[in-house]
Amino acid sequence: MTMRNTYTLITGASEGFGKALAFDCAAKKMNLILVALPGPELYNLSDYIKRNYKIDVVPIEKDLSKEENCIALFEEVSALQLPVNMLINNAGIGSTMLFGEGSLRFYQQQIKLNVLATTLITRLFLNMLKKNGPSYILNVGSLSCFFFLVKKQVYGGTKSYIYFFSKSLHREVKADSIHVSVICPGGMNTNIAATLLNKSSSWLSRLSIMNPEEVAPIAINGLLKRREVIIPGKWNQFFMLLDKLLPSSVKKMITTHQMKQIKSIALPREMETVPFSLQNTIHLSA
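Here this note's numbering is used: position 149 in the sequence shown is 149, and no number is missing along the way.
Source of the hints: derived by calculation from the structure; they are not laboratory data.
Virtual Cβ for every residue (Gly too), placed ideally from N, Cα, C.
Incorrect hints may appear among the rest.
Below, simulated DSS-like cross-link-like pairs (lysine-lysine); rule was C-alpha separation at most 27 Å, straight line [unchecked claim]:
(1) K28 - K50
(2) K244 - K28
(3) K131 - K234
(4) K244 - K167
What follows is a list of derived Cβ distance ranges for each label pair [what the hints assert, rightly or not]:
(5) V229 - K29: 36 to 44 Å
(6) G39 - E213: 27 to 35 Å
(7) Q81 - K234: 39 to 47 Å
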């Protein structure tokens, strides 16, 4: 049974975690609006889901790192008269590199997509969500927002914004029958490059790596159960507990050792900016 005649809008939906979220929502008989960069992957996914899950799927091509495209997305959805009652802000750019290795243009794109697009899209659809309540917003953060990780300074900063934004918005719109959740996953095998990089990480880090197909149902079930913060995976939950228990001196010693290890590892350049959720290192803050 389709969830009323409403739609779930998922950004960054053509691959990785967004694709897994689309499949899980489709299995729950939610109509979908799938937003992703232009390419055949988006339409292939939309056609497959429509045929196999018997729901309505609307693919929309948009580069959301451009402000005008966020506005155009809202205008297109409004023109099609598609009532959205679930918004999943998944689109984002990950990175794993020393701050001095990143270009100005890359950091601009990362901040625009990870921070500005999520903010603008949420604001644009807010009144529609109020109208179609009870409604839901799921923002995709990262475990890195809790820890000061080497090579994750800008990415972790953007996800810290997502965490704070989500927690504050949750309190503000609760009275409007809108529930806001933020999911903070650890490392995920979102694509081939990320999987290869994950395999090269320490044994402890590898224990916490999850596949998008494992995380997606945790995310959607947690959202529907109105959990404010969702931490998927027992190991990631353990790292959160460990961070609270260890003294700062011990954590600083661990991260200093981690920094020395990273400097001694030469990764192929094309693997330095793969879009995945979290650097594959022990999740302890300095």
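Here is how each hint holds up against the structure:
1. K28 - K50: 13 Å, holds
2. K244 - K28: 36 Å, violated
3. K131 - K234: 37 Å, violated
4. K244 - K167: Given pair K244, K167 holds - Cα atoms ~20 Å apart, limit 27 Å.
5. V229 - K29: 36 to 44 Å: Taking Cβ atoms as reference, V229 and K29 lie about 27 Å apart, which means the hint is violated.
6. G39 - E213: 27 to 35 Å: 21 Å, violated
7. Q81 - K234: 39 to 47 Å: Given a distance of about 43 Å, which is inside 39 to 47 Å, the answer is holds.
Hints 2, 3, 5 and 6 from the list above are not met by this structure, while the remaining hints are.
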